[in-house]
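Single-letter residue listing:
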Amino acid sequence: MSKRTDSNSYTIIFAVIMVLIVGSLLAFFASSLKPNIDENKRIEKQQNILYAMGINENDESSANFVSTDKAGADFKKYIKRQIVIQGDKISEDENAYLIDVKKQQAFAKEGKDRKLPLFIGEKDGVTFYVAPILGKGLWDAIWGYVSLDENMVVQGAYFDHKGETPGLGANIKQRFFMDDFIGEHLMTDAGVFKGVTVAKGNNDPKNENKTDYEVDAIAGATITGDGVSAMMKSDLKLYVPYFNSLKK
Amino acid sequence: MALLSKKDTALLTDPLADNNPITIQVLGICSALAITAELKASIVMAVSVMAVLAIGNVVISLLRNVIPSKIRIIVQLIVVAALVIIVDLVLKAFAYELSKTLSVFVGLIITNCIIMGRFEAFALGNKPWRSFLDGIGNAAGYGLILIIVGFFRELLGSGTLLGFKVLGDPIEKTGLYAIGYENNGFMLLSPMALIVVGIIIWIQRSRNTSLIEEN
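First to last, the sequence lines map onto chains A and B. Numbered according to full-length UniProt numbering, the first sequence spans residues 1 to 248. Numbered according to full-length UniProt numbering, the second sequence spans residues 1 to 215.
Source of the hints: derived by calculation from the structure; they are not laboratory data. Keep in mind that a hint or two might mislead.
To be verified - If you want the ones that stay clear, here's a sample from chain B, every Cβ over 12 Å from chain A, calculated: (1) Glu154; (2) Ser206; (3) Asn208.
Claimed, not checked - Calculated cross-link-like contacts (lysine to aspartate or glutamate; reagent style EDC-like; alpha-carbon spacing at most 16 Å): (4) B:Lys100 <-> A:Asp140; (5) B:Lys100 <-> A:Glu44; (6) A:Lys200 <-> A:Asp216; (7) A:Lys173 <-> B:Glu97; (8) A:Lys41 <-> B:Glu97; (9) B:Lys70 <-> A:Asp140; (10) A:Lys162 <-> B:Asp88; (11) A:Lys41 <-> B:Asp88; (12) B:Lys165 <-> A:Glu60.
Note that the structure is a prediction, hence the values are computed from the model and not measured. Beta carbons: idealized from backbone N, C-alpha and C, even for Gly.
Make the full structure from the sequences, and use the hints.
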């Protein structure tokens, strides 16, 4: 290597030029691809909500969304109303599915009234209430959509994660885990909210008991499972007043 | 004349066995522990690392005469991080499904010591074509171990391969489970990857005793 590259001035100039080139390259890619990425995320939200309602292209064991080109039309067809619950007020908003749950959770922490989006869908004459949930896994955010009936019995669930361990925590988005939630009750008969806990000691591997408020945990994914339990409880509990008002 | 000279072929084949990045150079162990609980993740990681290492090696090799030696590690890190992030952004825009599968691996690839190791040890001192071959070879050697470990961890830990229940259904008690076989949950935890890698090292060194260091 020549001496030229060892001088301090060369090193500094090299560093400056490299940072400028790499920085502008990244900025260029990020901003020019942003519209496409945002559109993909928007379609994904629609697919997630439809999935939780049972509108999907699942085969025997894997989870498949409706195709991206059909998602928009299906979303219009099946989602009848999108409502936003804020304190006691309930308003309709056809873009409620774009509400950023993370921002709303931050509002709630500051003591402000958070917006709670709820998507009311109808399939084959059955009404589904789909709520978004968001929590923490082991490494990063985990989130999902849970569809409920009027009595807060789970009709379907979709979970996703940003960076859980492949093969362990990442399995929360596998059918064998998500399907276990179907039919689970969130409320006791007396009207107390219990949620669903991801439990190691469930002792019900075939998931026949739907009123034990538990589903089977994934081995090796304790913290991710705890995260799922926590968000199932904390986020869905907020909808209890709305569901109680439906019964009146 | 053959497409690859004898020396070039050695660049591709050496890392598969006698100079394997994981079992001999002890590079890339952390990701080998983290993502080998199932075979599919191992394969995805192997392919991703191969792409990043081959391209990164070529870039570093092209820049080898202008990189100031005092900050070469930082330069290497920036090159690999920029590469990986750009690929991730492009996938997010045009192949969203694929990018979701890969997203977990992005951070793991950037911090994978095998990448820095090969930049430092090879690409900085060799021409682009040879560096490219070295990248492919080392990534293949790394991937080979990953896939072997992933195969045993998924098979013995979950009783599946690529998600297929090859040993029967543990809940319905069919196949092997009918005669009392149980999955070993230990295999799903990271320490077992280390033990599997250890067994591979053992087998490799007992077959080729020249690999054993003398103290």
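We went through each hint and held it up to the structure:
Some Cβ of chain A comes within 12 Å of the Cβ of Glu154 of chain B; the nearest lies about 7 Å off, and the non-interface call is violated. Under the 12 Å C-beta cut-off, the non-interface status given to Ser206 of chain B relative to chain A holds; the minimum distance is some 30 Å. Chain A leaves Asn208 of chain B outside its interface by the beta-carbon criterion, the shortest separation being 31 Å against a cut-off of 12 Å. Restraint check: the Cα-Cα separation between Lys100 of chain B and Asp140 of chain A comes to about 14 Å, which is no more than 16 Å; the hinted pair holds.
The straight-line distance between the Cα atoms of Lys100 of chain B and Glu44 of chain A is roughly 11 Å, inside the 16 Å bound, and the hint therefore holds. In summary, the hint linking Lys200 of chain A to Asp216 of chain A is supported, as the alpha carbons are separated by about 6 Å, within the 16 Å threshold. Distance hint between Lys173 of chain A and Glu97 of chain B is fulfilled; the C-alpha atoms sit about 14 Å from each other, no more than 16 Å. Between Lys41 of chain A and Glu97 of chain B, the direct Cα distance comes to roughly 11 Å. Compliance with the 16 Å bound is thereby established for this hinted pair.
The suggested pairing of Lys70 of chain B with Asp140 of chain A is violated, with an alpha-carbon distance near 35 Å, which exceeds 16 Å. Proximity of Lys162 of chain A to Asp88 of chain B is assessed by CA-CA distance (about 14 Å); at most 16 Å being required, the pair is judged to hold. Annotation: proposed proximity of Lys41 of chain A to Asp88 of chain B holds, straight-line Cα distance about 14 Å (limit 16 Å). About 13 Å separates the Cα atoms of Lys165 of chain B and Glu60 of chain A, which keeps this hinted pair within 16 Å; it holds.
Hints 1 and 9 from the list above are not met by this structure, while the remaining hints are.
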